[in-house]
Every structure is written in structure tokens, then in C-alpha cells.
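Novice: Residue numbers (the numbering used here), protein chains in the order written: chain A, 3 to 193; chain B, 30 to 403.
These aren't lab readings, by the way, just hints derived from the structure by calculation.
A couple of the hints might just be wrong.
In silico DSSO-like links for lysine-lysine, alpha-carbon gap of 27 Å or less [what the hints assert, rightly or not]:
| id | chain 1 | residue 1 | chain 2 | residue 2 |
| --- | --- | --- | --- | --- |
| 1 | B | Lys50 | A | Lys59 |
| 2 | A | Lys13 | B | Lys203 |
| 3 | B | Lys203 | A | Lys59 |
| 4 | A | Lys42 | B | Lys350 |
| 5 | A | Lys50 | A | Lys13 |
| 6 | A | Lys59 | A | Lys44 |
| 7 | A | Lys16 | B | Lys174 |
| 8 | A | Lys42 | B | Lys351 |
| 9 | A | Lys13 | B | Lys350 |
| 10 | A | Lys110 | A | Lys42 |
| 11 | A | Lys107 | A | Lys46 |
| 12 | A | Lys36 | B | Lys50 |
| 13 | B | Lys203 | A | Lys42 |
| 14 | A | Lys36 | A | Lys110 |
| 15 | A | Lys107 | A | Lys36 |
| 16 | A | Lys36 | B | Lys206 |
| 17 | A | Lys46 | A | Lys36 |
| 18 | B | Lys206 | A | Lys16 |
| 19 | A | Lys36 | B | Lys203 |
| 20 | A | Lys107 | A | Lys59 |
| 21 | A | Lys13 | A | Lys42 |
| 22 | A | Lys110 | A | Lys44 |
| 23 | A | Lys59 | B | Lys350 |
| 24 | B | Lys206 | A | Lys44 |
| 25 | A | Lys110 | A | Lys59 |
| 26 | A | Lys36 | A | Lys16 |
| 27 | B | Lys206 | A | Lys13 |
| 28 | A | Lys42 | A | Lys59 |
| 29 | A | Lys13 | A | Lys44 |
| 30 | A | Lys50 | A | Lys36 |
| 31 | A | Lys42 | A | Lys107 |
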Amino acid sequence: MATYNVGDLRKGLKIQIDGEPYLIVEFTFVKPGKGQALYKCKLKNLIKNTVIDRTWKTGDQVEAADVEEVEAQFLYRQGDHFVFMNTETYEQYDLTADQVDEAWKYLKEGMVCRMLLFNGSPIGVTPPFHVVLRVEYCEPAARGNTATNVMKPARVETGAELMVPAFVEIDDLIKVDTRTGEYVERVKEGE
Amino acid sequence: MTPLAEHPAASIADTMKLRCKGDWRPTARFEVLRRRAELLRAARDFFIGRGFLEVETPLLSADTIVDRHIDPLPVPFQPERTSRATGAPVVSGGEPLKDTGARLSPEGYMPHRDDLPCMWLQTSPEFAMKRLVAAGAQAIFQICKAFRRQERGPLHNPEFTLLEWYRVGDNLEKGMKLLGDLVEQVAGLPYPEFVTYQEIFRFYTGLDPHYASAPELATVADLHGVPAPEIPFDDADSWRDLLFCELVQPHLGWPRPVIVYNYPASQAGLACVVEGEPPFAERFELFIRGIELANGYHEVTDPNEIRRRACHNNTWRVRDKKQPLPVDSRLIDALTEVSFPECCGCALGFDRLVMIAVGAQSIEEVIAFPFERA
Numbered sequence: 003m004a005t006y007n008v009g010d011l012r013k014g015l016k017i018q019i020d021g022e023p024y025l026i027v028e029f030t031f032v033k034p035g036k037g038q039a040l041y042k043c044k045l046k047n048l049i050k051n052t053v054i055d056r057t058w059k060t061g062d063q064v065e066a067a068d069v070e071e072v073e074a075q076f077l078y079r080q081g082d083h084f085v086f087m088n089t090e091t092y093e094q095y096d097l098t099a100d101q102v103d104e105a106w107k108y109l110k111e112g113m114v115c116r117m118l119l120f121n122g123s124p125i126g127v128t129p130p131f132h133v134v135l136r137v138e139y140c141e142p143a144a145r146g147n148t149a150t151n152v153m154k155p156a157r158v159e160t161g162a163e164l165m166v167p168a169f170v171e172i173d174d175l176i177k178v179d180t181r182t183g184e185y186v187e188r189v190k191e192g193e
Numbered sequence: 030m031t032p033l034a035e036h037p038a039a040s041i042a043d044t045m046k047l048r049c050k051g052d053w054r055p056t057a058r059f060e061v062l063r064r065r066a067e068l069l070r071a072a073r074d075f076f077i078g079r080g081f082l083e084v085e086t087p088l089l090s091a092d093t094i095v096d097r098h099i100d101p102l103p104v105p106f107q108p109e110r111t112s113r114a115t116g117a118p119v120v121s122g123g124e125p126l127k128d129t130g131a132r133l134s135p136e137g138y139m140p141h142r143d144d145l146p147c148m149w150l151q152t153s154p155e156f157a158m159k160r161l162v163a164a165g166a167q168a169i170f171q172i173c174k175a176f177r178r179q180e181r182g183p184l185h186n187p188e189f190t191l192l193e194w195y196r197v198g199d200n201l202e203k204g205m206k207l208l209g210d211l212v213e214q215v216a217g218l219p220y221p222e223f224v225t226y227q228e229i230f231r232f233y234t235g236l237d238p239h240y241a242s243a244p245e246l247a248t249v250a251d252l253h254g255v256p257a258p259e260i261p262f263d264d265a266d267s268w269r270d271l272l273f274c275e276l277v278q279p280h281l282g283w284p285r286p287v288i289v290y291n292y293p294a295s296q297a298g299l300a301c302v303v304e305g306e307p308p309f310a311e312r313f314e315l316f317i318r319g320i321e322l323a324n325g326y327h328e329v330t331d332p333n334e335i336r337r338r339a340c341h342n343n344t345w346r347v348r349d350k351k352q353p354l355p356v357d358s359r360l361i362d363a364l365t366e367v368s369f370p371e372c373c374g375c376a377l378g379f380d381r382l383v384m385i386a387v388g389a390q391s392i393e394e395v396i397a398f399p400f401e402r403a
């Protein structure tokens, strides 16, 4: 198992604690002049998305996490399971709704996502930052109202609901920012 | 500027190989470099005005201070000289450092080794300046670079600038007053307040630092939600450091600078230890806005005590899986030969003084080229 000397820890490295992968999101070195150096980290659990604090001292070793990011195409959904395929190796991954988390809202068949693998198994999936989705249902557009500050709920083809401007109509295509879950703009067919 | 902490490189060795576009540029603004130059001049004026002699001593020396937690940078080279042990000439060279399996004696002694051609970049000019005092210097100061391995962070650069001074005849009180005057007159800050390590530690942790056991210190760390590394329970010093660093230091020196004095005897460095209940070290440190700026001692004058503490630190170094360091030094030779006068010495991190003066958050804002761009 690969290890890091704590002196080599940096923001952005992925490490393993008690069998779970963590991303170093913050890293500070503190040291009293004559005292022991401390390596203070904020760590994000890549499976549970929780953040913890950890402090190491000089000479400590930390296990590196075998985490890699691959491109995977969303194939289909079967009940509570989401099936993806690695675009390079054609290996298929079966993810639970828990593992897919919020990403289900944006998944369209054929969409290429980024998938995080830990020891070769998927632990999470990130859709593209912007996706185009068809509006399946919303209240009819108020006539002549093109203001963007009046919002109404809409359901898109994946079954997810979000707020859209009042002028949006059923069957419109809208661009959504997957990081915030917010409506960005209306797009024309073929765009 | 990308701080090292955010650098994609996985290790410092990689970083050194990694040149980024535009990283020839300084990280400090010229306005800050001008302020830095003013402070350098103010510091010189301060000491020269008090009759101090400005001195320069080797940065590269055959001797090195043996601290438990400070690592010097070895330089695989030494001038041609005659072996102290055998009288045979020793060839200088650029041999890389190898693990020669240096063995410590039970009390932690490690000799200088003639088969280990190595000199040390100084972690502070302490030894050489004390040799000057031993030779008769009365009041000396120096502004020089110092080097400490593996120290890089918002307040650390492996190569940094120290302002260090010694004055014969000073006891602890006079030594601390001189530092206070410097804070006031060079940095233009209020005169510091003084507090003992015991008082301040007790105030923020509820524990007496001289008597609290490692399990007690660990319990308090846990109560305050301090994330702790794995520290064994026979290492109370490291637990005390952790609590001081996390629970005490962040509060020190707001808004008025503070000098903490009378450290636990086990954290004496090379300060005199006053026996008693509890024994304490005549060591003092300056803190401004939560930052540790200076460390001073009422100096130990007994060469056997310096040797004993070096051996003790070596024993810890081996426990910490660190290379032990040679114990003998020309300072010990000097103190064995002549009697060392009562004196106080103090070293101040000059880069941090500039940080305070310009309100910098990170050391690279006050040095032209930090380690990654060196």
C-alpha cells in the first residue's frame, strides 16, 4: 500500500483512513519554534461527503487512497439502480441511488459523466456542469410575461423538479447548472 | 501566486523540479519589500544605538544545535582537515549522505564522524554567536539567514531571516525588557505585557502545565475538540505543545504583544533551569496576534549541561525516527575552556515581524522568492 509522509501532504491529495477515501480540502502546517510540527487537515470523505479534521505530527505516515476518475456513460436506470459504462474499458458499473445521490436529477441516457473509483469500485458520479433537459410539465406560460424574475415549478424529463421562469412552456428545452441545480437558460432544439 | 499547499506537486522534491510559467517573479510586492528594508534599518539602528556590535558568523558549520524538533539541512561537504580522532587527514568531498547506521550510546551521545563528510546549514546562529561571547564580546547582534528542513507553511519557509542578539550581564528580566523595547521602538507596537507560561496555560486549559500528566492533557484536548495526532502517554511535552498551540497561542498578543516566560523545565532549550517546586526554565517567547515571533534564554553556561541536553534530545530524535545529531561542538569546547558570563540571548523571526508590520497573512507576501521559487 502506497503511503505519504505527512511532510508531503498537500491540498488535493487523496488519502485513506480506516478503509475510506478522503480528499484533503484544506492543509496547514503549524509548528511552535521548539515544539512538534503539526500537519492539520480538513478532509472530505469521498463516499459520505462528510468533512472531518485530522492532525498529524512529523514522521507520521498516511495511506494513499487508490482513487481515480474515469469517464462513464449513463446507460439506463433499473428501479433503484443506475447502470454506467466506462467509455475506455467498456466495463459496466451498477450504482445504487445512494451512490448516485443528487446526480439522478440530471442523468439522461447516453450522457457522459465523471465517475470516481475507489479500489476500482465506483463511489460517486458527477454529471457535466451543464445539461439540457426537456420540460415535461409546468403551468402554462402567462401571456406576454417574459420577465425572468417570476419563477414557477417545473418537472423535467428525468422526473426532477426545479424552478423556471414564468415564460417556460411544456416541451421547452432548458439548460440546468448541475452544481447548483438552477435553471440557466432556455435553448432551441438542436443546440 | 500558488502557495505550496495548493501546489499540484506531490512532494517538495517534485516542486523543485516543477517550474511554472511566471514563477520567476517575486511573491512580495515592492511596497512590502521597501517596508522590509525600513524595518531592517530600524533594527540595526536599535542595536547600534545601544552599543551592540553587528557580527556575521558561518551559516555553514561543522556543528549544529541538537533540538528534538528542529532539523538542520546537511551539506555533504567539509573542508579538508585532520581527523580529531586519528590525526590522519580527512579528504573533503561531495559524497552524498548515506545512512551509516550511526549508533548512539545509551545516554544519547553521538560523535562527529570522520566517515560522514558533512556540514550543517545553521538553524540559528546561536552556537557561533555564543562562541563570540565566550571570547569576550559584550553585546552583539546579527541579521542572517537560517535554515530548517521540512518547515513550510503560512508562517514558515525553510530558509528564513533571523535577528539574533546576546548581551552580557543580562538576567531574564533585562533580557525580556530589551525585547519589549525592540517591539516598541522597531515595530512601533505597544510595549508587551508579561505573563508566565503557567498562568496563561492554566487560564486557557484549566491545567497546570508543570504537573498535568499526558492523559490529563489528552482529556482536555478531547473536551475542546482539538484533533490530536497519535502521541504516546509518556510524551507529556508533545501533548503540552499541542494544547499550547491549539488552545493558548491563538489568543496571545491581541491587540497588545505579550511575552510568555518561565517555561516548563522540559522545554528549556538552552535556557537556565531554576530548581524548585516546580522547576522552570528561564525562557521567554514573544507573541503578536497569535504569531510566535521571538524566543529568548537566560543562557546556560555549563558545557556539561549543554551536552546532557543534546544527548537527551538525541534520545528523543531516535524515538521519533529522526537522525541523531553530533553532540560535540566548538561551543562546548569554548565553555569548557573559559567561563561563560551571565547573559541573555534572543532570536526573532524577522520575516514574521514584517508580516505583522504589513498585515500579511502568509510569509511569501514578505519574502521576494519563497522556497518554491528559490
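Novice: What are the numbers of the hints that this structure violates, sorted from low to high?
Specialist: As far as the earlier hints go, 1, 2, 3, 7, 10, 12, 13, 14, 15, 17, 18, 20, 22, 24, 25, 26, 27, 30 and 31 are violated by this structure, in ascending order.
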